[in-house]
Amino acid sequence: MSYDTSFHSDIYGMHTHTESFMAAGWQTTDYLFAGMVASVVLFGISGLPGLFIKKPGWGQLIATGICVIAALLGTGTAVQTVVTGSSTAGYLIDWHLPFGPCEFSADPLSALFLTPLFLASGCCAVYAVAYWPAREHPGSEKKLTFFFGLLSAAMALVVLARNGVVLLIAWEIMALSAFFLLTTDQRDPDVQRAGMVYLIATHIGTMALFILFAMLRGTTASFAFPVPHSLSPDLGVATVILVTALIGFGAKAGIMPLHIWLPSAHANAPSHVSAMMSGVMLKIGVYGIIRTVSFFSLPPAWLGWLILCLGGVSALSGIALASAQRDIKRLLACSSIENIGIVFIGLGMALIGIQTNTPLLAAFGLTGCFIHILNHALFKPLLFLGAGAIIHATGTREIDRMGGLSRRLPRTAPLFLAGSLAICGLPPLNGFIGELFLYLGAFNDAISSPLPALALVAPLLALVGGIAVITFIKLFGTIFLGSPRSPEAAHAHEPPLAMLAPMSLFALFCLIAGICGQLLLRLVTPAVASYAQLPPAIIDRMESSVPLASFTLLNLSLLLLILAIGLFYTRQTVKLPCATAATWGCGYLAPTARMQYTGTSFAEMASNLFAPFVTVSRSGPSLSGPLPAAARFCYATTESILDRVLIPVFQAIGLAFSYLRRMQHGQMHLYMLYIFATLFVLMMWRH
Amino acid sequence: MGSFADQLLVLVMLINFVMLGSSRMALCIRAVAVQGVVLGLLPGLVHPFSWHLAGITCGIILAKGIVIPYLINDAVRKAQIRREIEPFIGYVPTLILGAIFTTLAFVFAEKLPLAPEHRELLFVPASIATLMSGFLILTTRKKAISQVIGYLVLENGIFIFGLLLTEAMPVMVEAGALLDLLVGIFVMGIVINHISREFSSIDTSRLRALKEE
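Chains U and D supply the protein sequences, listed in that same order.
Per the numbering used here, the first sequence starts with residue 1, numbered consecutively.
Per the numbering used here, the second sequence starts with residue 1, numbered consecutively.
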């Protein structure tokens, strides 16, 4: 199964990327890799026909069709590559560009990240047909469709690239496509601001990546990725490479101090784009870090602990931020920070395990990390798509203006509930399985190994999980239960099938993954074994120490129990007469919807607990007398790092550079003079 | 032959001064046309005869001596400008600056690490001097047409340098350069057209109005 196919093109190197890519694709006989490449190409071109078709709607339908085909093809081949665990599928395009031949290949690690990517791209493309129909958005639909396909293709290329410059090119295409997708609704000032913050953040990250690949070239004398485990971590440059990787890729992953772009970007993008960004794009950042670490023979000791601490901080502060949010999508975005934090905790444990030569710890950490990546890529898109359906129905993102939607959206509600349960890690859904490995890793091995401090991961995860439960009870309860808090919520309508179908698919996968944890494990173990160079005996030991079979049994029986109770309940209610009254009426004669708990009041205790992480601004009246007058109360969560630290710093820098702006005055002749003066200085330079 | 080429190069530099010192559009255009013809003759003098070379000579003379001046003339007639009325820097100071730059070009050329066979001739100083003159015209004149002329002179300077470097002048390079020039002129023509339509004048200093606040 392992061979390289090289493709030489002797035209000056002027041919475009895609052309040579396709040409090479026809030559290779490795059908799995060819399938993935074909899928990438299909995604890349999916939006093209729409740009030339005048009639609205057709372009979107064609693009969706292509995306679905590409997603089926890509997911199938990626899963098969993961399961077979062969890592040498790949080939070379030997073009005459300064950075050398361009190499693509897929090992189990790449394929593991590609699987959710292809799946989510296909589902979100279908969702877009109903969520952003061309008829209602004639101006922005073409742009959205085109860049959506491009984003998927670019992300896949990042994962497949084996050359620093190719990776950077794909990375920039990805970052810019995401920017254009995010600013779809570009007239809205909030969207503009979110887009600007995103653009600055992503380019600061890219700058770090430029340093990273320049340094890598300095050590290996080639832009091609070094052979895995070939670099020594004791080199001085290793620290620079790893730190820049953490900054560059970490900014994209949304790790805590670099998360500033994430909440506003996810909140302001169209929902299926948020789903892609949260479900897939953040993981591409994680992939970058994992890939960079694999170049070194041994991760340095500080790296594992640093990643672990970053992960811990992200998980805790992410969920604390989420608990205080009022905007549904911002809440989900903050919970993405938390989930990425959990992924980082797993990665940190694994790196510590590899470094201290405790293979079982490495196996547990890495398995937990990878499984959580897969799980998060299932339930987070589900939740974002659900949020889209809710926004579509009510026209607002403010959860305190919703309420009582479970009656009005009877199909969306259970799907959203499934997503919420999954993200809280409650049975019978999949969220807990990844964390289970982390718990076991922390307990089993940490205590026996020379790293007892690692056991502290377990209470941290438990705390995070607990706050997640509070947060999502608040989210689900405020949106779906009670009675409607605004007329829009009262007149909400069920979304069309094209929106429900992708959500149902995600929910189904969550359920399957929750009940058959072994399936997830089978997907992940080849990547774990090849990445951490673990012998099969260790993997077997890990698998035998996790009671996944009893987990399956438990989840299955729980599911059956729930179904049985549900069935019994519905049959009972048919028989018995029932009285209807407002939910949470509290015995009042004429209760109003405003007497209900709002999401804010529900989560107030949690957000008070985390006052150092979450800054909340309240402005309210001081009550006096037995019958105080009508008054207003305002409550808003602030982005402390962005608003208090970064924006003042940037303003100061902007002030300093305003002197430079005077050089841009609009006088053509003086511009010419600048060129002239530069030329003159250069000519006189040291001659 | 070398000395004759040198004399032609001196002529090129003198023509630079004609353009720097004159306010009349028609004269400037004619001067740039003559400069183009002279430059077209130069390759024939430095390299041995071949049909390929003859073709290139004809091409250069046709483009630089006839087509482009004709196009500019046409633009001048349509826009009805005779003179560059108020340059940023007056004509006499421009001439003096031109003289200073030409001197500096000679000084600079002396210091360049050139191949010995290129040291004898005036190619390098003439090229730099012409380049500088082009820049000077670009920076000091207001009218878009004068800027096109400045651009042409600049291009001529680069052309002289190219003569020096390409031993047998591969046809691709030459054709590429000429094409570049033509495209540049077209772009300038379109720009002039739009400026004149937008501001009812082809004074490029009005472009200030486009500045972002």
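No lab work stands behind these hints: they were computed from the structure.
You may find that some hints are simply not true.
[Said to hold, decoys possible] Which residues of chain D face chain U? A few of them, derived with a C-beta cut under 8 Å, are:
| no. | residue |
| --- | --- |
| 1 | Y70 |
| 2 | N73 |
| 3 | Y91 |
| 4 | F106 |
| 5 | L138 |
[What the hints assert, rightly or not] Not close to chain U: a few residues of chain D, all C-beta gaps over 10 Å, as computed:
| no. | residue |
| --- | --- |
| 6 | G55 |
| 7 | P116 |
| 8 | F135 |
| 9 | L136 |
Quick caveat: nothing in here was measured; it's all calculated off a predicted structure.
Ideal Cβ positions, reconstructed from N, Cα and C, are used throughout, including at glycine.
Here is how each hint holds up against the structure:
{"no.": "1", "hint": "Y70", "result": "violated, 26 Å"}
{"no.": "2", "hint": "N73", "result": "violated, 23 Å"}
{"no.": "3", "hint": "Y91", "result": "violated, 16 Å"}
{"no.": "4", "hint": "F106", "result": "violated, 12 Å"}
{"no.": "5", "hint": "L138", "result": "holds, 5 Å"}
{"no.": "6", "hint": "G55", "result": "holds, 25 Å"}
{"no.": "7", "hint": "P116", "result": "holds, 18 Å"}
{"no.": "8", "hint": "F135", "result": "violated, 4 Å"}
{"no.": "9", "hint": "L136", "result": "violated, 8 Å"}
Hints 1, 2, 3, 4, 8, 9 from the list above are not met by this structure, while the remaining hints are.
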